[in-house]
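**Q** In case you want the letters, here they are:
2 protein chains.
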Amino acid sequence: MSIRLVKETARRLLKECDTFVFDCDGVLWKGADVIPGAPLMIKHLKAAGIRTLFLTNNSMKSRSDYAERFAGMGFEGVAEEDIISSAYVASEYLAAQLPAGSGVFVCGASGIYRELEKVGLKPCKPFEEEYKGKAWDLHEVESIPLDNNVKAVLCGLDIHMSYPKIATASRYIKNNRAMFVATNADSTLPVKTGFLPGAGSCVSSISRVTGQEPIVTGKPSVDPLASILNVAAQLYDRKRSSNVAPFHPSRALMVGDRVDTDMMFGRQAGMRTLLVLSGVATEEHVQEHTSEIDYVTSDLGEFVHYISDV
Amino acid sequence: MSIRLVKETARRLLKECDTFVFDCDGVLWKGADVIPGAPLMIKHLKAAGIRTLFLTNNSMKSRSDYAERFAGMGFEGVAEEDIISSAYVASEYLAAQLPAGSGVFVCGASGIYRELEKVGLKPCKPFEEEYKGKAWDLHEVESIPLDNNVKAVLCGLDIHMSYPKIATASRYIKNNRAMFVATNADSTLPVKTGFLPGAGSCVSSISRVTGQEPIVTGKPSVDPLASILNVAAQLYDRKRSSNVAPFHPSRALMVGDRVDTDMMFGRQAGMRTLLVLSGVATEEHVQEHTSEIDYVTSDLGEFVHYISDV
Chain P
22 MSIRLVKETA RRLLKECDTF VFDCDGVLWK GADVIPGAPL MIKHLKAAGI RTLFLTNNSM
82 KSRSDYAERF AGMGFEGVAE EDIISSAYVA SEYLAAQLPA GSGVFVCGAS GIYRELEKVG
142 LKPCKPFEEE YKGKAWDLHE VESIPLDNNV KAVLCGLDIH MSYPKIATAS RYIKNNRAMF
202 VATNADSTLP VKTGFLPGAG SCVSSISRVT GQEPIVTGKP SVDPLASILN VAAQLYDRKR
262 SSNVAPFHPS RALMVGDRVD TDMMFGRQAG MRTLLVLSGV ATEEHVQEHT SEIDYVTSDL
322 GEFVHYISDV
Chain X
22 MSIRLVKETA RRLLKECDTF VFDCDGVLWK GADVIPGAPL MIKHLKAAGI RTLFLTNNSM
82 KSRSDYAERF AGMGFEGVAE EDIISSAYVA SEYLAAQLPA GSGVFVCGAS GIYRELEKVG
142 LKPCKPFEEE YKGKAWDLHE VESIPLDNNV KAVLCGLDIH MSYPKIATAS RYIKNNRAMF
202 VATNADSTLP VKTGFLPGAG SCVSSISRVT GQEPIVTGKP SVDPLASILN VAAQLYDRKR
262 SSNVAPFHPS RALMVGDRVD TDMMFGRQAG MRTLLVLSGV ATEEHVQEHT SEIDYVTSDL
322 GEFVHYISDV
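Heads up: the protein sequence lines correspond to chains P and X, in order.
Quick note on numbering: my numbering labels position 192 of the first sequence as 213, and the sequence is numbered without any gaps.
Quick note on numbering: my numbering labels position 193 of the second sequence as 214, and the sequence is numbered without any gaps.
Note that these hints are calculated values from the structure, not bench results.
Fair warning: there could be bad hints in the mix.
As the list claims (entries may be wrong) - Listed next, the stretches of chain X that the computed footprint assigns to chain P, with coverage defined by at least 3 CB atoms under 8 Å from CB atoms of chain P:
#	segment
1	161-171
2	180-193
3	204-213
What the hints assert, rightly or not - Derived DSSO-like pairs: lysine-lysine, alpha-carbon spacing no greater than 30 Å straight-line:
#	chain 1	residue 1	chain 2	residue 2
4	X	Lys153	X	Lys139
5	P	Lys155	X	Lys36
6	P	Lys36	P	Lys195
7	X	Lys139	P	Lys51
8	X	Lys213	P	Lys195
9	X	Lys153	P	Lys146
10	X	Lys28	P	Lys153
11	X	Lys155	P	Lys146
Model, not experiment: these values are computed from the prediction.
Ideal placement from N, C-alpha and C gives every residue a C-beta, glycine not left out.
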């Protein structure tokens, strides 16, 4: 049974957890709107000496883009190193697997390209720029030249996904034995008016052709995300000369708005989990997924209300 | 154990089967090349009073396009009505389910549009023409207007598949409760240099977003394909004043080059099955799928060689 957050529970969590890991969209903000109370919540945690880290499956922006977004929305003291995006995790993972300078065929947005470059890999020129305005027939798709330096296909949410691009990614994987990595596998991207296809839709079109499932580096996958989270916690301590105990999942709280990504990751990584109802999940999810959710609260505004006079 | 075709078996099949149902690509031709002996095989069967029907998962052409192709490749006496394409079956199926004049959002090629028009449904203007040359952002994709007359999404192999198109198809299915039908779900399209994404790749990107699997009207699905095959056999008889017994699967032979579509359909529809090795399947498939394959031969040239002095 999930525990509804009240003043007493909220304050106990602050004593028992030295690390709070936050999902971003649906938790801190929703689209362009800040969730009321969220910046204050982060401020309170920092003042209480609690590590605050941010874990997002969104692969569209780079970590430096995110740092700017945090500042612009009124979150104080959030550094690039505190933010762990799926594009960053995927890039770190690929850098550990491939020789420096290896080519990567990308299905995704600019955030992925920037993170790959930062770790010394070479993303191909975006497919849609390479073949801008081209009208295709099947024979031309079949004849697209492959670059032998490409050792991996990295797929995220890609607004430029197209049949020729799916074909080329699939040929890299099957013909050239390129690694197949996905930033995340979310089926949908929630938007104001409903939903759009998530990264999982782009990924599944390639999986279906190749018969291969990708290595997923976003939530709810634990590996390699959990180890990168650990590294991020160490960097956080070094930067702030923190004197809390070294990071350990049992003393960490995963705060998120989705069961299938945030709560699943938190549970499988050995963390406590707090579901906020300000994003995707509803009361129904709370009833259905009691084993993944330790705590529930309506939003961070409620949480900070309970702890604000600590 | 599958039986390798020899002279005796080939001639016995001719006595015991009054209907031969052929897959096209990989059986009668391979890309632009006719399989040697295939036109002669069809000619012999017709001369022997055996029904010859043609069943293809390819949804790119209409049945009249196909009839022209048969004639151009030297196959004599093949009428439009003898050809059962997945686009035709899907259109017949939708016409039976929806009010006349209903709109259909199509992910696929011209063959689908023509078959839909023939049964009195209204395919939307192709998405790629409607938004030709447009550069998209996520907000614009989210704001694409939906047509309330659209009652179904029909998906086949679509060289114009794109993120905005996947999004729109998914919104029709989830928001407007449109039916979701696929001409077929082949994972790949075999081509000379290897493979391209098949209809199944286009379909799976939508399935992943909507959480819904489509009704598949192509092989290996039995329903509604088997009943339309039955109707085609009756038309065949009427046109040719045939005096063989009414069509029955137990006296029909399914001839194809793929186990996962042709052999599976033949088996599940209660027909005998003959695998030809002139297309996708290899000797390895023969060893692995003995329960789906009754007979095996290298190609139709070998078959006609055995029966040519009947």
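**Q** Next step is simple, just say for each hint if it's right about the structure.
**A** Status of each hint after checking the structure:
Requiring three or more residues with a Cβ within less than 8 Å of a Cβ of chain P, the coverage given for the segment 161-171 of chain X holds, as 3 such residues are present. Requiring three or more residues with a Cβ within less than 8 Å of a Cβ of chain P, the coverage given for the segment 180-193 of chain X holds, as 10 such residues are present. Coverage of the segment 204-213 of chain X by chain P holds in this model, with 5 residues showing a Cβ closer than 8 Å to a Cβ of that chain against a need of three. Of the pairs offered as hints, the one joining Lys153/X and Lys139/X holds, with about 26 Å between alpha carbons and a cut-off of 30 Å not exceeded.
Our distance criterion of 30 Å between C-alpha atoms is broken by Lys155/P and Lys36/X, whose separation comes to about 54 Å. Taking the CA atoms of Lys36/P and Lys195/P, the gap is near 51 Å; set against the 30 Å cutoff, the hint is violated. With a C-alpha separation of about 47 Å, the suggested pair Lys139/X and Lys51/P falls outside the 30 Å cut-off, and the hint is violated. Between the alpha carbons of Lys213/X and Lys195/P the distance comes to roughly 15 Å, so the proposed pair stays at or under 30 Å and holds.
Straight-line distance between C-alpha atoms of Lys153/X and Lys146/P comes to about 23 Å, which keeps the hinted pair within the 30 Å bound. A threshold of 30 Å between alpha carbons decides the hint, and for Lys28/X with Lys153/P the separation of about 56 Å lies outside it, so the pair is violated. Between Lys155/X and Lys146/P, the direct Cα distance comes to roughly 20 Å. Compliance with the 30 Å bound is thereby established for this hinted pair.
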